[in-house]
Amino acid sequence: MPAPLEPAFDALTAPTTSRAWRWAATAAIIGNIALNYVSQRFPFNGQTNAQVSYKYPTPLTPAGYAFSIWGLIFLSLLAYAIWQLRPAQRRNLLPDAVARPLVWANLLTGLWLVVFAYELLVPSMLVMLGILASLAVVYGRARQLVRRADAPWYSSIPFGLYLGWISVATVVNVTLALGTKWQPDAELSLQLAIVLVGITAGLALSVTWRFAELAYPAAVAWGLLGIYVARRPSPDTEVLAIMALAAAVLVAVLGLGLTWWGSRRTSNAGH
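So the sequence shown is numbered by the working numbering: it starts at 1 and just counts up by one.
Because the hints were derived from the structure by calculation, they are not lab data. Careful: at least some of the hints might be erroneous.
As the list claims (entries may be wrong) - Here are the in silico distance ranges between beta carbons for each label pair:
#1 Val114 x Trp261: 39 to 45 Å
#2 Arg41 x Val249: 34 to 40 Å
#3 Ser68 x Lys181: 38 to 44 Å
#4 Ile30 x Leu188: 39 to 45 Å
#5 Leu188 x Arg90: 51 to 57 Å
#6 Tyr54 x Trp153: 37 to 43 Å
If you're wondering where the values come from, they're calculated on a predicted model, not measured in any experiment. By construction, the Cβ of each residue, glycine as well, lies at the ideal position given by its N, Cα and C atoms.
Kindly produce the complete structure, drawing on both the sequences and the hints.
Here it is in structure tokens:
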């Protein structure tokens with residue numbers, strides 16, 4: 001008899017045994033991908049997210065190329081959506097455990113596109129925090145099942161990538177929303193950005209220490225590297241750029257080591 005999952009933080013994310021939620025998760029993933037495509041071809045409010053970001057620059061906004069990770073995230077989510085509907089996965093616990101919060105994460109991601117396009121910055125921050133919370137539940141449950149060998153190792157990779165990137169995006173969104181209201185001077189803004197880079201790296205390593213999976217720290221490191229590339233050309237942000245690069249390398253290297261060590265620890269515990 002499999003051990004019970006850790007309790008959900010509320011009824012909206014509770015595990016389910018209904019296959020309808022698997023289909024709902026698939027529909028939410030496809031809808032999220034489609035809405036992202038539409039938002040680029042036919043931008044809401046006549047402007048893309050990149051154009052809105054350009055209007056509200058922050059010291060932590062990554063270089064444009066870094067956002068290409070969405071292609072990998074969406075591809076992996078689509079592969080997961082197909083995989084979890086296969087008859088061979090009918091008895092797999094993971095899709096039922098993550099279906100509800102995964103639906104919420106995708107719906108909120110779609111909502112964020114619209115809210116941000118209309119420059120509702122504080123509401124967009126709140127929506128982003130909702131995405132982060134939903135994905136934290138998804139990832140925690142998925143890794144719990146993978147680590148006790150109730151689900152294949154690769155089944156949590158899409159969620160690690162998704163959560164890793166959203167972790168960086170949340171820091172950027174919070175900085176943007178609060179910065180427009182508070183409007184700190186350039187020096188204080190830069191100091192806060194350096195602190196937030198350190199906090200982001202620390203949290204990434206803490207999560208990796210607990211869950212021992214490489215996709216999450218890899219996505220965080222990618223985001224931090226994007227911050228370095230964006231800040232590198234300016235002498236005024238040289239310290240922030242160096243800090244972001246150091247944090248990216250640290251998360252990547254220690255993330256690899258913690259994943260290897262955690263996998264060995266789990267393997268030894270099973271013998």
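Hint check:
1. Val114 x Trp261: 39 to 45 Å: At 42 Å between Cβs, range holds.
2. Arg41 x Val249: 34 to 40 Å: holds (37 Å)
3. Ser68 x Lys181: 38 to 44 Å: Violated - the Cβ-Cβ distance for Ser68 and Lys181, about 30 Å, lies outside 38 to 44 Å.
4. Ile30 x Leu188: 39 to 45 Å: Roughly 43 Å apart at Cβ, these two residues keep to the hinted range, so it holds.
5. Leu188 x Arg90: 51 to 57 Å: holds (55 Å)
6. Tyr54 x Trp153: 37 to 43 Å: Between Tyr54 and Trp153, where Cβ atoms are some 40 Å apart, the hint holds.
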